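Chains as they are written, first to last, in our numbering: chain A, 1 to 147; chain X, 1001 to 1299.
One should not assume that every hint holds.
Here are some of the chain X residues that sit facing chain A, going by a computed Cβ distance under 7 Å [said to hold, decoys possible]: (1) Phe1038; (2) Pro1103; (3) Leu1213; (4) Gly1214; (5) Ser1237.
Rather than coming from a laboratory, the hints here were simulated on the basis of the structure.
Please read all numbers here as calculations on a predicted model, not as lab measurements.
Backbone N, C-alpha and C fix where the C-beta goes; we use that ideal spot for every residue, glycine too.
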Amino acid sequence: MMATKRLGDRILGGAMVAMLALVLAFLVTPLLVTCLLAFDSRSFLGPLPPPALSLRWFEKLAALDYVATGLATSLKIAVLATVIDVLVGTAAAVALDRGDFRGRGLLMAAFLSPLIVPAVVIGSPCCCSCRGSASSTASPACSAAMW
Amino acid sequence: MSAVTIVRPQQPALPTPAPARMSLMLLAPGLLLLFGVFALPLLGLALESLKQYVPGRVGSAIDAPLTLENYRELATPSFAGVLYETFKLSAAASLAGLLAAFPLAHCIVRRFSPRQRAACIGLLVMLVLLSMLVRTYALELAFGSVGIARPLLLALGISPTSRGYIEVLVGAGLLHAVMPICTLTLLGTIQNIDPRLCDAAQSLGAPAWKAHLGITVPLALPGLVSAFLIAMTFAISAFVIPMVLGKGRVLFLSNTIYTRFSDVANYPSGAAVSIAMLVISLLVLSLASLTHRRKGARS
């Protein structure tokens, strides 16, 4: 009786370990495949592993102007949004945490509400001012982080 | 007779509350920003969703008459199909994510050495922070119709461009996104469960699986429910995953919103779908907070 129970536990435990290994493999494999393909010397998607490794795709990337422009735009907007949000969000977080006034719960909910609203919903109406949508999503995040 | 001393726990010094006027000054910029870039666009969206749309225009006319026509379209079968697809795949991915995340979280908390734990949590956090676009294209490269799994799929007799496989692929994409979130959410839940309860059950003769099903799972139930609902809201509002992996054959609500705004330029209809989606997210999240409150009431 006891022996069969422990045997069952061992089998189930083994199955669990196998499942966890599968789960981790599922999470990591796509990233590894992508990294490997980035160094592929072929000009088409072929079977793995690639016959030879090269840096040609990275050279191509460096030669493209618009990648650099895009990177600069991303950085500019990210830095701007982050600076605004950290300043504004920190001030709001201090007030919400230390302040003693009515409607604190309501205000807190108001500040955290952009986290709930799907990005597409908030992004579509202010697609002309993307900076706005970025900062509106980040500001609750940093006021939440201040707790 | 010995004197009994009562040890009182030391109260932490409470910070002195700031005066109301100062709080207001600190809150003002945040409120202004919140109003300007969040509340105002949402109000505009709600207003736009009530306007009449004349085909061929970009957006609605300024003096367009108000109508509920845009919402009536949400009851059509084609829209119901999109809604059904969104919910079906989101629920399946969230459930599968939960089933995989629970043992993983348990293993991280109870079995792993501190170093393994740190490595695993680091991997999960990295996955959450990694750009959604990068992850989605990585999945496409690995399991997509031209990916490296193609020979394997063909050998198994699965067509990589069939609708069924594409649905599975979108589900896998959602699963890939949702699993780290679920696992990280469940870490705290499992950490709070007393491991001695399970040990006690086993020392009384219960097999490990029975002890887990009878003790660990019921105790973790509130955490499981909220992890599921968090995953669900995330999956419902996913945009990049169905767009890239679904290749236009699997449409989610968010993709419908996007095409209404960008391709068809029917802003009122897009706004109506957006409002519908917002209501759905709010419903799912209010369910989550309801379970939280019930958990709080019980303990």
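We went through each hint and held it up to the structure:
1. Of the supplied interface hints, the one on Phe1038/X holds, with its beta-carbon coming within about 4 Å of a beta-carbon of chain A, less than 7 Å.
2. At about 6 Å, the closest approach between the beta carbon of Pro1103/X and any beta carbon in chain A falls short of 7 Å, and the interface hint on this residue holds.
3. Hint on Leu1213/X is violated. Least Cβ distance to chain A is approximately 11 Å, over the 7 Å limit.
4. The beta carbon of Gly1214/X comes no nearer than 14 Å to any beta carbon in chain A, farther than 7 Å, and the hint placing it at the interface is violated.
5. With a cut of 7 Å, the hint placing Ser1237/X at the interface with chain A holds, because the nearest CB-to-CB distance is about 3 Å.
The structure fails to meet hints 3, 4 from the earlier list, while all remaining hints are met.
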